[in-house]
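Q: Given next are the chains, with one letter for each unit.
Protein chains: 2
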Amino acid sequence: MNEFDFINKYLSSKNNFSKFSLNYRDDVGYANNSIFSTDTICEGVHFYKDDNPFLVAKKLIRVNVSDIISKGIIPKFCLLNLSLGKDVDDIWLDKFMKGIHSDLNFYKLNLIGGDTTKNLHNTVLSLTIFSDLKDKKFIKRSSAKLNNFIYVTGTIGDSSLGLFCRNNPDFHLLKKYSEYLKNRYLLPKPRIELANFINKNATSSTDISDGLYSDLKNICMTSNLGAEINFSKIPLSTAASKIIKENPKLKTRIINGGDDYEILFTGPDGLEKKKNITKIGKMTKGNQINLIDFDDRINLDGYKHEI
Amino acid sequence: MNEFDFINKYLSSKNNFSKFSLNYRDDVGYANNSIFSTDTICEGVHFYKDDNPFLVAKKLIRVNVSDIISKGIIPKFCLLNLSLGKDVDDIWLDKFMKGIHSDLNFYKLNLIGGDTTKNLHNTVLSLTIFSDLKDKKFIKRSSAKLNNFIYVTGTIGDSSLGLFCRNNPDFHLLKKYSEYLKNRYLLPKPRIELANFINKNATSSTDISDGLYSDLKNICMTSNLGAEINFSKIPLSTAASKIIKENPKLKTRIINGGDDYEILFTGPDGLEKKKNITKIGKMTKGNQINLIDFDDRINLDGYKHEI
Numbered sequence: 100m101n102e103f104d105f106i107n108k109y110l111s112s113k114n115n116f117s118k119f120s121l122n123y124r125d126d127v128g129y130a131n132n133s134i135f136s137t138d139t140i141c142e143g144v145h146f147y148k149d150d151n152p153f154l155v156a157k158k159l160i161r162v163n164v165s166d167i168i169s170k171g172i173i174p175k176f177c178l179l180n181l182s183l184g185k186d187v188d189d190i191w192l193d194k195f196m197k198g199i200h201s202d203l204n205f206y207k208l209n210l211i212g213g214d215t216t217k218n219l220h221n222t223v224l225s226l227t228i229f230s231d232l233k234d235k236k237f238i239k240r241s242s243a244k245l246n247n248f249i250y251v252t253g254t255i256g257d258s259s260l261g262l263f264c265r266n267n268p269d270f271h272l273l274k275k276y277s278e279y280l281k282n283r284y285l286l287p288k289p290r291i292e293l294a295n296f297i298n299k300n301a302t303s304s305t306d307i308s309d310g311l312y313s314d315l316k317n318i319c320m321t322s323n324l325g326a327e328i329n330f331s332k333i334p335l336s337t338a339a340s341k342i343i344k345e346n347p348k349l350k351t352r353i354i355n356g357g358d359d360y361e362i363l364f365t366g367p368d369g370l371e372k373k374k375n376i377t378k379i380g381k382m383t384k385g386n387q388i389n390l391i392d393f394d395d396r397i398n399l400d401g402y403k404h405e406i
Numbered sequence: 100m101n102e103f104d105f106i107n108k109y110l111s112s113k114n115n116f117s118k119f120s121l122n123y124r125d126d127v128g129y130a131n132n133s134i135f136s137t138d139t140i141c142e143g144v145h146f147y148k149d150d151n152p153f154l155v156a157k158k159l160i161r162v163n164v165s166d167i168i169s170k171g172i173i174p175k176f177c178l179l180n181l182s183l184g185k186d187v188d189d190i191w192l193d194k195f196m197k198g199i200h201s202d203l204n205f206y207k208l209n210l211i212g213g214d215t216t217k218n219l220h221n222t223v224l225s226l227t228i229f230s231d232l233k234d235k236k237f238i239k240r241s242s243a244k245l246n247n248f249i250y251v252t253g254t255i256g257d258s259s260l261g262l263f264c265r266n267n268p269d270f271h272l273l274k275k276y277s278e279y280l281k282n283r284y285l286l287p288k289p290r291i292e293l294a295n296f297i298n299k300n301a302t303s304s305t306d307i308s309d310g311l312y313s314d315l316k317n318i319c320m321t322s323n324l325g326a327e328i329n330f331s332k333i334p335l336s337t338a339a340s341k342i343i344k345e346n347p348k349l350k351t352r353i354i355n356g357g358d359d360y361e362i363l364f365t366g367p368d369g370l371e372k373k374k375n376i377t378k379i380g381k382m383t384k385g386n387q388i389n390l391i392d393f394d395d396r397i398n399l400d401g402y403k404h405e406i
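Chains V and D supply the protein sequences, listed in that same order.
Its first residue numbered 100, the first sequence is counted upward by one per residue in the working numbering.
Its first residue numbered 100, the second sequence is counted upward by one per residue in the working numbering.
To be clear, the hints were calculated from the coordinates, so they are not data collected in a lab.
No experiment lies behind these values; they were computed from the predicted model shown.
Careful: at least some of the hints might be erroneous.
Same chains, same label: a pair holds when it works inside one copy or across any pair of copies.
Okay, derived cross-link-like pairs now, DMTMM-like style, lysine to aspartate or glutamate, Cα gap no bigger than 25 Å in a straight line [stated by the list, open to error]:
hint: 1; residue 1: Lys332; residue 2: Asp392
hint: 2; residue 1: Lys148; residue 2: Asp392
hint: 3; residue 1: Lys372; residue 2: Asp188
hint: 4; residue 1: Lys175; residue 2: Asp231
hint: 5; residue 1: Lys108; residue 2: Asp188
hint: 6; residue 1: Lys381; residue 2: Asp394
Next comes chain V alone, as it looks inside the complex (with noise of 0.2 Å):
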């Protein structure tokens, strides 16, 4: 069962209190004029054992800032939960800690509490963060509107293209590709500087965390629209373009692969005027998602995490 399986089974039907929850169609909730979204990262799933902890630390702040600022709002207060599993020891935490001070500073974010568990397996670490909205309004992924122009910010697919890397050691490649893309996995960089421009100027926005193609379907079916993307459009890194053009069926990771933490959003025309802003698309009547000269489409249903 994938989460929108689970929602549709467990949530959607039997909610009642939807001007709370966007009836779960959103990936932020809405309750005392503040909007909440809360992430969790499981050790041996979304990071490794031997993953760096301070960088784990930041991984699960950033994950969960990145769905905030997708909504054109800067987050301010979070919660934390750690199941600490039975290889966490005193250098582990200590690093794990530094990572999560260091983006409590960054971000500026107000850690209001949490609670602390040991756990007999793996790790288990949530976070919940929030904004309040001082009546500012917050951008929906359920409403694009027909003919919006389709945009991304950065880079696409380096963080999954890192993931291939890091998994296969011997794939040839140049060692500073390789170590890009293996940076863009390990360290999300939510696009915080964008947050007023989306609030401003987006229509319908999400961040990019299940794979560009997944996460488009997301806003055009709680949009009641299609969508035609042109592939050749989509921004690229150096580092993309190089492991692509060595192993062309890595092209699918573009579209599927998860983890960019980029903005997916809608608008008007021009937008891409703006710096790290790229067009490429536009929203269409229907419910499809046409992907434009993309000549591989297998397996185009974009990554659904399995629950």
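Fit chain D to the given chain V structure using the hints.
A: Chain D in isolation, oriented as in the chain V frame:
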């Protein structure tokens, strides 16, 4: 390392935002005129694989409800993080989600968001719960006054004695008593009906989750006071009295046993006139807890869950 050490080492000294976190000296945090709490329960630590998932769900909600109502506030909103372990199947999940919805309805809680992930090993569940204050005050842990009286709700120690019965099925005790105690372990019943009374009358308050001694110590430490309690005044259920008579060593569980989810609070004289409230002692000078008429002083440091 226990949770107090963790907070001292990694949080309090590095906290620039004490007005939000209450310097981590309470079990709630404060932001946006709302209070927040979060608790995690892990399979194999806080619940077991063969526990009824319907009750596990209720336990998850109730341990969190308990934190907010002990502050004299009715909780309103929550977010749910499910990391579902390898033994979770559709039947488990169906029952678990029925338990979630049952208690969301019972406590009139709005589930506004969450995250679902697979986990490689055991199941780890977190809930974050909050309520707006509408400029109502909430009762802190740190505000007990000298010569305030100390009160508890309900009966104390049942849950820990229920866990003993569960782990020692051959122990001689009438079935009706062991069943009563085991049910108190499986299904906490936070005293939501006393939340307004606490709000109006208590000077300091906490729920009893780590054990009476340990939670009273928190009130003492954060209020810079000591306490004197009469063991013979601590309210016991009939079942608890019977099992202690059978095995007097179990008396320490009244003091140290966790998971009661009753309320421990301080206030002026006379509050025991209210139903289900018992006066057990008073706040004193110094920083010691003096336990009167208790004859077994071993292991009186209270239950501290190690992390």
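Q: Go through the copies and call it for Lys332 and Asp392: within, between, both or neither, with a Cα cutoff of 25 Å.
A: The answer is within: 10 Å in one copy meets 25 Å, while 79 Å across copies does not.
Q: Given identical chains, is Lys148 near Asp392, meaning Cα to Cα at most 25 Å, within a copy, between copies, both, or neither?
A: neither (40 Å within a copy, 50 Å between copies)
Q: Between Lys175 and Asp231, at a C-alpha cutoff of 25 Å, which is it: within one copy, between copies, both, or neither?
A: both (8 Å within a copy, 17 Å between copies)
Q: Up to 25 Å between alpha-carbons, please classify Lys381 paired with Asp394: within, between, both or neither.
A: within (20 Å within a copy, 77 Å between copies)
Q: Up to 25 Å between alpha-carbons, please classify Lys372 paired with Asp188: within, between, both or neither.
A: neither (49 Å within a copy, 50 Å between copies)
Q: For the identical chains here, do Lys108 and Asp188 meet the 25 Å Cα criterion within one copy, between copies, both, or neither?
A: between (40 Å within a copy, 15 Å between copies)
Checked against the numbered hints above, the structure breaks hints 2 and 3 and satisfies the rest.
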